[in-house]
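Novice: As they're listed, the protein sequences go chains R and X. Under this note's numbering, think of the first position of the first sequence as 750, with each following residue one higher. Under this note's numbering, think of the first position of the second sequence as 5, with each following residue one higher.
Hints are computed from structural coordinates only; laboratory data are not their basis. All residues carry an ideal CB built from backbone N, CA and C; glycine is no exception. You may find that some hints are simply not true.
Unchecked claim - Stretch by stretch, here's where chain X covers chain R in the computed footprint (C-beta under 8 Å, at least three residues):
(1) 769 to 775
(2) 806 to 817
(3) 865 to 871
(4) 898 to 910
(5) 949 to 962
Said to hold, decoys possible - Derived EDC-like pairs: lysine to aspartate or glutamate, alpha-carbon spacing no greater than 20 Å straight-line:
(6) R:960 <-> X:217
(7) R:894 <-> R:951
(8) X:47 <-> X:142
(9) X:37 <-> X:265
(10) R:868 <-> X:194
(11) R:797 <-> R:1043
(12) R:983 <-> R:1047
(13) X:199 <-> X:33
(14) R:868 <-> X:217
(15) X:242 <-> R:993
(16) R:983 <-> R:993
(17) R:894 <-> R:1040
(18) R:830 <-> X:85
(19) X:113 <-> R:951
(20) R:752 <-> R:858
(21) R:868 <-> R:854
(22) X:178 <-> X:102
(23) R:799 <-> R:771
(24) R:974 <-> R:950
(25) R:847 <-> R:893
(26) R:830 <-> X:124
(27) R:983 <-> R:1043
(28) X:113 <-> R:911
(29) X:113 <-> X:10
(30) X:242 <-> R:826
(31) X:242 <-> R:996
(32) R:983 <-> R:915
(33) R:830 <-> X:122
(34) R:752 <-> R:930
(35) R:868 <-> X:197
(36) X:37 <-> X:217
(37) R:830 <-> R:891
(38) R:847 <-> R:863
(39) R:960 <-> R:771
(40) R:799 <-> R:891
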Amino acid sequence: MTKGQIVAGCLAPHPPHLVYADNPPQNEAYSEGGWETLRWGYQRLARKLKDIDYDAIVIFTPHWQTYIGTHFLGLPEFSSKSVDPVFPNLFRYNYDLKVDVELSEAMRDAASQEGIITKMMRNPHFRVDYGTITSCHLLNPEWDKPIVTISSNRNTHYYSPEVMIEQATALGRACAKAIEESGKRVVLVASHSLSHRHFVEEAPLPEDMSKEHIYNHSQYVWDMKIVEMMRQGKSREVIDIMPEFTEQTIAETEGGGLIWMLGAMGFPDFPAEIYGYQSVIGTGNVIACWDPNDDTREYVL
Amino acid sequence: MSETNEPEILFGIYCPPHPQPLLSPDASEGYGKLRAAFEECRKRIEESEADIILVYSTTWPSIIGHQIQALENAVWTHVDDDFHYLGSMPYDFHMDTEFAHAMKDNCEKRGLEARTVEYEGFPIDTGSVVALQLLNPDNRIPACILSSNMYANRSETIVLGKAARDTLAQQGKKAVVVVVSSLSNRMFTEHIDPKEDRIHSQKDDDWNRKILEFFDDGRLEDLSQLSRDIHGQIRVQKVVAYKPAWWLAATMGQHNNYHGEVLAYEALHGSGGAVITLAPSTGSVGDKEFDEDDVEFYRGDRNVLDKGMLE
Chain R
750 MTKGQIVAGC LAPHPPHLVY ADNPPQNEAY SEGGWETLRW GYQRLARKLK
800 DIDYDAIVIF TPHWQTYIGT HFLGLPEFSS KSVDPVFPNL FRYNYDLKVD
850 VELSEAMRDA ASQEGIITKM MRNPHFRVDY GTITSCHLLN PEWDKPIVTI
900 SSNRNTHYYS PEVMIEQATA LGRACAKAIE ESGKRVVLVA SHSLSHRHFV
950 EEAPLPEDMS KEHIYNHSQY VWDMKIVEMM RQGKSREVID IMPEFTEQTI
1000 AETEGGGLIW MLGAMGFPDF PAEIYGYQSV IGTGNVIACW DPNDDTREYV
1050 L
Chain X
5 MSETNEPEIL FGIYCPPHPQ PLLSPDASEG YGKLRAAFEE CRKRIEESEA
55 DIILVYSTTW PSIIGHQIQA LENAVWTHVD DDFHYLGSMP YDFHMDTEFA
105 HAMKDNCEKR GLEARTVEYE GFPIDTGSVV ALQLLNPDNR IPACILSSNM
155 YANRSETIVL GKAARDTLAQ QGKKAVVVVV SSLSNRMFTE HIDPKEDRIH
205 SQKDDDWNRK ILEFFDDGRL EDLSQLSRDI HGQIRVQKVV AYKPAWWLAA
255 TMGQHNNYHG EVLAYEALHG SGGAVITLAP STGSVGDKEF DEDDVEFYRG
305 DRNVLDKGML E
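Work out the full structure, taking the sequences as your base and the hints as a guide.
Specialist: Encoded structure:
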């Protein structure tokens, strides 16, 4: 059997505002648009993924928060309505998705063998989190690939950002091993923002872009520091600086997604493709892709 | 009803958010005791003349101000993120929409950002589902659920409680108020045999028991004032502060004149789960005096970072 491989790794933030702004038929809310810098970036990355041959998307989400180990979706189909508990006015999305259970179980087994506490999620009533739905919708609006969702084990809260780095890196290594043994071609997705301080008030028209800006300049400077390191292929350094970044900007990197993804990809030293940066209700969001193929890697922005 | 009238709060309940008492009460003796305590509370609610059950849930975080559940008939099947293997939690709740909308208005009058949520399929959180299923299984009494804003600290939470008092007084409704929260909230990070469940550490257990002494003595305001210590000592730092006692005291009345009763205290996967009742009483106890200002109106951030800078 041919060895499986990770064909791309995407940092794909999940503000529900982006789906809301797109007005897909699955979402009940209606908007007049907004956040085009991110949406157009997503559209370009989605087009790139269309040209890549892959079998499944594996997504690590901070909105499936587990305290007792790392959990994996373990049923072949989920169909329901995802309502964002924080922005229900924007996101009420009817989804119908397929899961690559075989790959999910293989990753779970590999993680368990590494000593990571794991659990398969096999409750048919389980509602897939809106982080998964948002990132997957924006990367693959046709939903024509099966996914695997991995929960965020809350090591940063329970222990420290350093423990999260160790645990998420180990999980990434285990997932990479399972992918290699599966023979499948996989796109990894870390679903989260960078800086993550929200405004606690919302404009009467949420998509009024005259009201949108980063929460404060410090968040912006930190975000740009991280983006610049990504551009330079300094993924190891991004992880090294992450505890301070997470603390200073209340960053959503605390959930472990980017660490997991870069760990699975062996901390790449090639530049990330940058597709866009914009704030959403004060948080800092970058869309980035690590393409391990030298022939297809682009300088996007 | 005049807005200056005092609300009639029949009693308060402090209960844990974990699903074991609802889904697996027979898995351990402790879960069974918590279930029995919930049932005792249910009985007391049924025997009371309550018009509304008002829930403040620490497992419903919000960002845009304070969210208030207003969907008249909230129906769904909920599954917990961690304990999904214990089973599903179908619910069919009856909310007091009139109260919810008035609560929003009263929050705004006191300077808070607030909004109602009325959406089919809105994900009501595990803690609220467990509490309402066990305390009000037949929907005999309409309910309302308040979120816990993840950035809110003391003043905002106290003002939220006062807005609840305003609303109850305004509508002349007799209330049972429910706080859904653990005591210590550190769980074991691996799967355990429920029969071997215990409080995660001796320190957590010591603090929990001290808090229970205060509850038992009816010292609600003392607990409110100790919230920052409690947060630092036995709470995993997931949010900025331990807020339940602030809200409960501000809603029920900021004093120590309560009859407290600890109906159960048991471990829930390592965290401290207690079912406690507090009924208004006479004869204040306690030996503390406090220097943190009371607050009536929320004025937002004080922008201290922008003040006092050299030109």
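Novice: If a hint holds in the structure, say so; if it doesn't, say that too.
Specialist: Evaluation of the provided hints:
Figure legend: the segment 769 to 775 of chain R, annotated as covered by chain X; annotation inconsistent (0 residues with Cβ-Cβ distances under 8 Å, at least 3 required). Check on the segment 806 to 817 of chain R: 5 of its residues sit with their Cβ under 8 Å from a Cβ of chain X, so the three-residue criterion for coverage holds. For the segment 865 to 871 of chain R, the assignment as covered by chain X holds, since 4 residues bring a beta-carbon within under 8 Å of that chain's beta-carbons and 3 suffice. Requiring three or more residues with a Cβ within less than 8 Å of a Cβ of chain X, the coverage given for the segment 898 to 910 of chain R holds, as 5 such residues are present.
Here the segment 949 to 962 of chain R counts 3 residues with a CB under 8 Å from a CB of chain X, which clears the bar of 3, and the coverage holds. At most 20 Å may separate the alpha-carbon atoms for a hinted pair to count; residue 960 of chain R and residue 217 of chain X exceed this at roughly 49 Å. The straight-line distance between the Cα atoms of residue 894 of chain R and residue 951 of chain R is roughly 35 Å, outside the 20 Å bound, and the hint therefore fails. Proximity of residue 47 of chain X to residue 142 of chain X is assessed by CA-CA distance (about 12 Å); at most 20 Å being required, the pair is judged to hold.
Under the criterion of a C-alpha separation no larger than 20 Å, the hint pairing residue 37 of chain X with residue 265 of chain X is consistent with the structure, at around 15 Å. A C-alpha spacing of about 10 Å is found between residue 868 of chain R and residue 194 of chain X, which places the hinted pair at or below 20 Å, so the restraint holds. With a CA separation close to 14 Å, the supplied pair residue 797 of chain R and residue 1043 of chain R stays within the 20 Å bound. With a CA separation close to 17 Å, the supplied pair residue 983 of chain R and residue 1047 of chain R stays within the 20 Å bound.
For the given pair, residue 199 of chain X sits about 7 Å from residue 33 of chain X by alpha-carbon distance, which is consistent with the 20 Å threshold. A threshold of 20 Å between alpha carbons decides the hint, and for residue 868 of chain R with residue 217 of chain X the separation of about 38 Å lies outside it, so the pair is violated. Taking the CA atoms of residue 242 of chain X and residue 993 of chain R, the gap is near 17 Å; set against the 20 Å cutoff, the hint holds. For the hint linking residue 983 of chain R to residue 993 of chain R, the alpha-carbon distance of about 16 Å falls within 20 Å, and the restraint holds.
Under the criterion of a C-alpha separation no larger than 20 Å, the hint pairing residue 894 of chain R with residue 1040 of chain R is consistent with the structure, at around 19 Å. Under the criterion of a C-alpha separation no larger than 20 Å, the hint pairing residue 830 of chain R with residue 85 of chain X is consistent with the structure, at around 16 Å. A distance of roughly 18 Å separates the Cα atoms of residue 113 of chain X and residue 951 of chain R; the hinted pair therefore holds under the 20 Å criterion. About 18 Å separates the Cα atoms of residue 752 of chain R and residue 858 of chain R, which keeps this hinted pair within 20 Å; it holds.
As the CA atoms of residue 868 of chain R and residue 854 of chain R are separated by approximately 10 Å, the hinted pair is consistent with the 20 Å bound. A threshold of 20 Å between alpha carbons decides the hint, and for residue 178 of chain X with residue 102 of chain X the separation of about 14 Å falls inside it, so the pair holds. At roughly 19 Å between alpha-carbon atoms, residue 799 of chain R and residue 771 of chain R fall within 20 Å of each other, so this suggested pair holds. The straight-line distance between the Cα atoms of residue 974 of chain R and residue 950 of chain R is roughly 27 Å, outside the 20 Å bound, and the hint therefore fails.
Annotation: proposed proximity of residue 847 of chain R to residue 893 of chain R holds, straight-line Cα distance about 9 Å (limit 20 Å). Annotation: proposed proximity of residue 830 of chain R to residue 124 of chain X holds, straight-line Cα distance about 9 Å (limit 20 Å). Using a Cα cut-off of 20 Å, the hinted pair residue 983 of chain R and residue 1043 of chain R holds, with the two alpha carbons roughly 17 Å apart. Of the supplied pair hints, the one linking residue 113 of chain X and residue 911 of chain R is violated, its CA atoms being roughly 44 Å apart against a limit of 20 Å.
Using a Cα cut-off of 20 Å, the hinted pair residue 113 of chain X and residue 10 of chain X holds, with the two alpha carbons roughly 17 Å apart. For the hint linking residue 242 of chain X to residue 826 of chain R, the alpha-carbon distance of about 32 Å lies beyond 20 Å, and the restraint is violated. This hinted pair checks out: residue 242 of chain X and residue 996 of chain R have alpha carbons roughly 13 Å apart, not beyond 20 Å. Between residue 983 of chain R and residue 915 of chain R the alpha-carbon distance is near 18 Å, which keeps this suggested pair within the 20 Å criterion.
Restraint check for residue 830 of chain R and residue 122 of chain X: the C-alpha separation of about 15 Å stays at or below 20 Å, so the hint holds. Among the hinted pairs, residue 752 of chain R with residue 930 of chain R is consistent with the structure: their alpha-carbon atoms are about 6 Å apart, no more than 20 Å. Under the criterion of a C-alpha separation no larger than 20 Å, the hint pairing residue 868 of chain R with residue 197 of chain X is consistent with the structure, at around 15 Å. In summary, the hint linking residue 37 of chain X to residue 217 of chain X is supported, as the alpha carbons are separated by about 19 Å, within the 20 Å threshold.
Taking the CA atoms of residue 830 of chain R and residue 891 of chain R, the gap is near 17 Å; set against the 20 Å cutoff, the hint holds. Simply put, residue 847 of chain R and residue 863 of chain R have alpha-carbon atoms about 27 Å apart, too far for the 20 Å limit, and the pair is violated. A hinted pair counts as satisfied when its Cα atoms are at most 20 Å apart, and residue 960 of chain R with residue 771 of chain R qualifies at roughly 19 Å. A threshold of 20 Å between alpha carbons decides the hint, and for residue 799 of chain R with residue 891 of chain R the separation of about 10 Å falls inside it, so the pair holds.
Comparing the model with each earlier hint shows violations of hints 1, 6, 7, 14, 24, 28, 30, 38; every other hint is respected.
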